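Produce the entire structure from the sequences given, and follow the hints as far as they go.
Order-wise, the sequence lines are chains A and B. Position 146 of the first sequence, counting from 1, maps to 146 under this note's numbering, and the rest follow consecutively. Position 173 of the second sequence, counting from 1, maps to 410 under this note's numbering, and the rest follow consecutively.
Just so you know, these hints were derived from the structure itself, not from any lab. For clarity, every value in this text was computed on a predicted model and none was experimentally measured. All C-beta atoms in this analysis are idealised placements derived from N, C-alpha and C, irrespective of residue type, glycine included. The reader is advised that the hints may include incorrect statements.
[Unchecked claim] Label-pair restraints from in silico Cβ distances:
| id | chain 1 | residue 1 | chain 2 | residue 2 | range |
| --- | --- | --- | --- | --- | --- |
| 1 | A | G171 | B | N267 | 26 to 32 Å |
| 2 | A | G26 | B | A659 | 50 to 56 Å |
| 3 | A | E204 | B | R534 | 34 to 40 Å |
| 4 | B | F704 | A | H201 | 38 to 44 Å |
| 5 | A | D73 | B | R636 | 18 to 24 Å |
[Claimed, not checked] Counterexamples of contact, computed for chain A against chain B with all Cβ distances above 10 Å:
| id | residue |
| --- | --- |
| 6 | E182 |
| 7 | D187 |
| 8 | T224 |
The residues making up each chain are set out below.
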Amino acid sequence: MSTILDIQNLSKTYNSGDRHLTVLQGINFSLQAGDTCSIVGPSGSGKTTLLGLCAGLDRASTGSVILNGVQLDNLSEDERAQVRNQYVGFIFQNFQLIPTLTALENVMVPLELRGERNVQRQARELLERVGLAARHDHYPTQLSGGEQQRVSLARAFSNRPTILFADEPTGNLDEETGERVEKLLFDLNQEAGTTLVLVTHDLELAEKTQRIIRIKGGTLVSDTGETESISLRKEEQ
Amino acid sequence: MSDIIIHPEVKRSLNLRWLLQMAWRDSRRNRGKLALFISSIVLGIAALVAINSFSDNLKTDIDKQAKSLIGADLVVMSNKELDADMQKLIDSLAIGGQRSDEVRFASMVYFPSSQGTRLVQVRALEGGFPYYGAIESEPANASRTFRQGGLKALVDHTLLLQFNAKPGDSIKVGDLTFEIVGALNKIPGQTAITATIAPAVYIPRQYLDSTKLLQKGSRISYYFYYKLAPGTDADALVKKLEPRLEEAGFGYDTVNSRKESTGEAYADLANFLALVGFVALLLGCVGVASAVHVYIREKLSTIGVLRCLGVSGKQAFLIYLFQVMAMGLIGSVVGAVIGSLIQLYLPQLFQSFLPVEVTVAVSWLAILQGIAIGLAISVLFALLPLLSIRDVSPLITLRGSVEHLTSQKDPVRWAVYTLILAFIFVFAYFQLGTWLRALSFTAGVIVAFVVLALIARGMMWAVRRFFPVSWGYVWRQSLANLYRPNNQTLLLTVSIGLGTALIATLFLMQRLLLSEVAISGSKNQPNLVLFDIQSAQKEQVANMVRQQGMPVLQLVPVVTMRMEEMNGLTAADVRRDTTLGIPDWAFTREYRVTYRDTLIDSEKTAAGTWTGTVTDPDKPVPISLEEKYAERLKVELGDTMIFNVQGAIVPTVVQHLREVEWNRVQTNFLVLFPKGVLEEAPQFHVLMTHTATDVQSAGFQRALVQRFPNISAIDLGLILQTLDDILSKISFVIRFMALFSISTGLLVLIGSVNISKFQRVQESVLLRTLGASRRQILSINAFEYLLLGALAAGTGILLSVAASWALAVFSFEVDFVPDFAPLLPVFLGITALTVAIGMLNSRGILNRPPLEVLRREAA
Chain A
1 MSTILDIQNL
11 SKTYNSGDRH
21 LTVLQGINFS
31 LQAGDTCSIV
41 GPSGSGKTTL
51 LGLCAGLDRA
61 STGSVILNGV
71 QLDNLSEDER
81 AQVRNQYVGF
91 IFQNFQLIPT
101 LTALENVMVP
111 LELRGERNVQ
121 RQARELLERV
131 GLAARHDHYP
141 TQLSGGEQQR
151 VSLARAFSNR
161 PTILFADEPT
171 GNLDEETGER
181 VEKLLFDLNQ
191 EAGTTLVLVT
201 HDLELAEKTQ
211 RIIRIKGGTL
221 VSDTGETESI
231 SLRKEEQ
Chain B
238 MSDIIIHPEV
248 KRSLNLRWLL
258 QMAWRDSRRN
268 RGKLALFISS
278 IVLGIAALVA
288 INSFSDNLKT
298 DIDKQAKSLI
308 GADLVVMSNK
318 ELDADMQKLI
328 DSLAIGGQRS
338 DEVRFASMVY
348 FPSSQGTRLV
358 QVRALEGGFP
368 YYGAIESEPA
378 NASRTFRQGG
388 LKALVDHTLL
398 LQFNAKPGDS
408 IKVGDLTFEI
418 VGALNKIPGQ
428 TAITATIAPA
438 VYIPRQYLDS
448 TKLLQKGSRI
458 SYYFYYKLAP
468 GTDADALVKK
478 LEPRLEEAGF
488 GYDTVNSRKE
498 STGEAYADLA
508 NFLALVGFVA
518 LLLGCVGVAS
528 AVHVYIREKL
538 STIGVLRCLG
548 VSGKQAFLIY
558 LFQVMAMGLI
568 GSVVGAVIGS
578 LIQLYLPQLF
588 QSFLPVEVTV
598 AVSWLAILQG
608 IAIGLAISVL
618 FALLPLLSIR
628 DVSPLITLRG
638 SVEHLTSQKD
648 PVRWAVYTLI
658 LAFIFVFAYF
668 QLGTWLRALS
678 FTAGVIVAFV
688 VLALIARGMM
698 WAVRRFFPVS
708 WGYVWRQSLA
718 NLYRPNNQTL
728 LLTVSIGLGT
738 ALIATLFLMQ
748 RLLLSEVAIS
758 GSKNQPNLVL
768 FDIQSAQKEQ
778 VANMVRQQGM
788 PVLQLVPVVT
798 MRMEEMNGLT
808 AADVRRDTTL
818 GIPDWAFTRE
828 YRVTYRDTLI
838 DSEKTAAGTW
848 TGTVTDPDKP
858 VPISLEEKYA
868 ERLKVELGDT
878 MIFNVQGAIV
888 PTVVQHLREV
898 EWNRVQTNFL
908 VLFPKGVLEE
918 APQFHVLMTH
928 TATDVQSAGF
938 QRALVQRFPN
948 ISAIDLGLIL
958 QTLDDILSKI
968 SFVIRFMALF
978 SISTGLLVLI
988 GSVNISKFQR
998 VQESVLLRTL
1008 GASRRQILSI
1018 NAFEYLLLGA
1028 LAAGTGILLS
1038 VAASWALAVF
1048 SFEVDFVPDF
1058 APLLPVFLGI
1068 TALTVAIGML
1078 NSRGILNRPP
1088 LEVLRREAA
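Structure representation (structure tokens):
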């Protein structure tokens, strides 16, 4: 089993004049290929900041993030963008589909960025997999919230990511739709064998992952399930 | 980058095609918004293309019709009668070809049918002129028949209209009465404006002496038109004769020299108008920058998502740069098409100023130039907001906002500012021809933009700082809108203000120049000038004036002379040594000089003392010079000058310098002689009087012409009317061009209101949800636009006053006494227009129920 994400002594401090605000401090954990993990904590605890740092969307103040063997800390923003394109998938709470592109085009973008061939066929297959083949030429505003999040799932898996980051994936959906999206997320994740990192308030959803990391006041307060996750992997081996 | 990159080919394969495809896809749902900024540059480009197309066509037509500009291969002209030597030269030029002679001078004419009199330019012509082109007349053959025997005249058509005369009627020129055989419509190379200033009356040369109008001292010009022998190169010929012609004080014109001077004159006009168009384009570009700024702000989340998916900052930047380039290109092409259509109208607009018939043709060069300029300048201005794309963080997808996008210290941003200034400077250089002028134009543009921007910022600061907390809610909300986030105060103040400044400056200058003359025409100031009065007629004319109950305000003698030497230097010396910096005309011009013992009230001593009478006839005559004239000639007190007074050599010494108020209707002189020298020299007299009414003036002139046909009268009322006519025509052309700026300002206003509509909808809906009435919201919006419009128009007017002051003092050298009357309608008009457009664009917000809007905006 290889380490997909390795977080070492991670801190993030925002400076505003003479004032310094530390939002994350001394975070350490690592994830292996195929792990599923939730980051939970109250509002303002720093979980979204942590997700951003893990995914290479932001730079840590101290410590390091190693993603699929690549140390992100020394890379420029454009180099990190390339890493994201090759290894990372994203699901956002507010879907973050590009409003000017159709569902199909939204799914195609990561593939096109990789310079792949048969992009349209691959994107259509993914849309079919999330049950939206018939809506491929619709714009995001013409889709419901649940449909938009399914397109977002198709897009997130389109570049066959090594690791998938999901920020409150069902936070903007009603219960029934949320459950359908959850199921789809876990199914796709299992099929692809992707490492999954979820940020959520929803403990019920968090419990569906192998591991739950609790953050409070910017520090890691518990990492339940780490042992189970490791033992589970040992059993699998 | 480390060895982690799995797909090194990705970078290469992310080719232009994909970026263009993304730019295209992303633009599909935003074309309405993008069209807004297209519209801001369309008019600027249209103005440039129209003027440049017209200018190209004019140049071609001047080339094509060059010969008819002067109607001959060569014209030689002189202000003095030929001596034997020059007569020989003039005769020799015609060998193997043809010559036509013309004598021109100003004189009064009398129309017996209407009993009207007017000062005209009499042209006594003989020979076959014009050899190219035609003197256009009605009937067409009249331009030939008037010189085929008999007392016949060809009279300017405006004169005929003015005096209700027609072919077959009579016109009295001096002692002779001629039959009017036709109306003169156009003389080769002459513009309608020239005809307005000096309407011409052609008479046959053979009757000139019998008119008895040519008196000693009269200002007469002699023209000799040549059709040269076949194969003669006119330019080579005059080059050979140049020294002799110049020495004799003769001028000349060949087809090529006239073509060049005409071309240059019109190129200057076209360049000036192109600059006015360019200002409109710059204004539009401010709109572009603002529209792109708002557009990019709305695109931040999309850019953030693209960054999350692996798009680099440069790629994201390129996607939107391509969109802007495409829009800039479309805007420029649309502008070029509109410009090409507008140029169809320009020959009519410029009709009064054109010496040739202008054909209308598509100028591909002007179109390509316009498109290239539009594309370049719109992209340069759009780059300012576009640059921030490079710094959009993917974090925006998680956070929903970012602290700041770009730093003002960004060197690329400063490079763009520099490029914009360089572009303006280079463009201005090509239009104005000198670095200094280009620099002044660029500095002027910067000053105007900076002043407007500072005033807008100052007002935002002042409203915030001195916020009237005790005012009613509606007023407070309107005022607060001026400095809220995403306000349009700066943009609108700059765009509308600049347009207003242009228009208001035109109004101010026109009024100022007219008032300069009008002031002189007020009561107790002379308004009728009689000149060419012979010494023997002096007393009779003065008595006649007094008998009519009019005052003799001035009666001064005028002696014509030429300068032979100045501090020992002759005309030949000055021509040889250009480092002396003494102008040629000092020796070639004819001086009209008066003599008296005292200074008059328009004169003041600047240096030296004025003795006024000659005490020692053996010493050089102590004279007085106008101080600026002395400065130009580099003459100081104590310097010597030798004048040739119609054959008599008179040595003088500069003893006195005067400051002269030229703008007063007085007989003012560059050179003043003391009493006791010129009394016996051939001279004429000028009398100034004041007529109370037009009727009195007309009656007096009629009586004067009948009794003293050689005396001419200049009616100041007529001059004012002519000047007003000319200024109106010029200002109409400039106003037509300034219209592009104003319209662009309005388009930018419409664009700004539209791009802020989303925010206004949200605010209004919230206010309505909280219970605000439609009327209250309407009042808030109306008051905000009222403040914006008033601020922009007011600032523009302030700028125009400053610009007019600078023009008056430095360019026209007149006192700055502005007439503010036309500024009030400009201020009110622009303010009202701003409010109207603002309210028109806001109407959709108010007509919908809050819930519908909330749902729509949420969707």
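Verification of the hints:
1. A:G171 - B:N267: 26 to 32 Å: For N267 of chain B against G171 of chain A, whose Cβ atoms are near 28 Å apart, the range 26 to 32 Å holds.
2. A:G26 - B:A659: 50 to 56 Å: At roughly 53 Å between Cβ atoms, A659 of chain B and G26 of chain A fall inside 50 to 56 Å, so the hint holds.
3. A:E204 - B:R534: 34 to 40 Å: Holds, since E204 of chain A and R534 of chain B (Cβ atoms, about 38 Å apart) stay within the stated range.
4. B:F704 - A:H201: 38 to 44 Å: With Cβ atoms ~41 Å apart, the hint holds.
5. A:D73 - B:R636: 18 to 24 Å: Distance hint for D73 of chain A, R636 of chain B holds at roughly 20 Å.
6. E182: holds, 20 Å
7. D187: holds, 22 Å
8. T224: holds, 24 Å
Violated hints: none; the structure is consistent with every hint.
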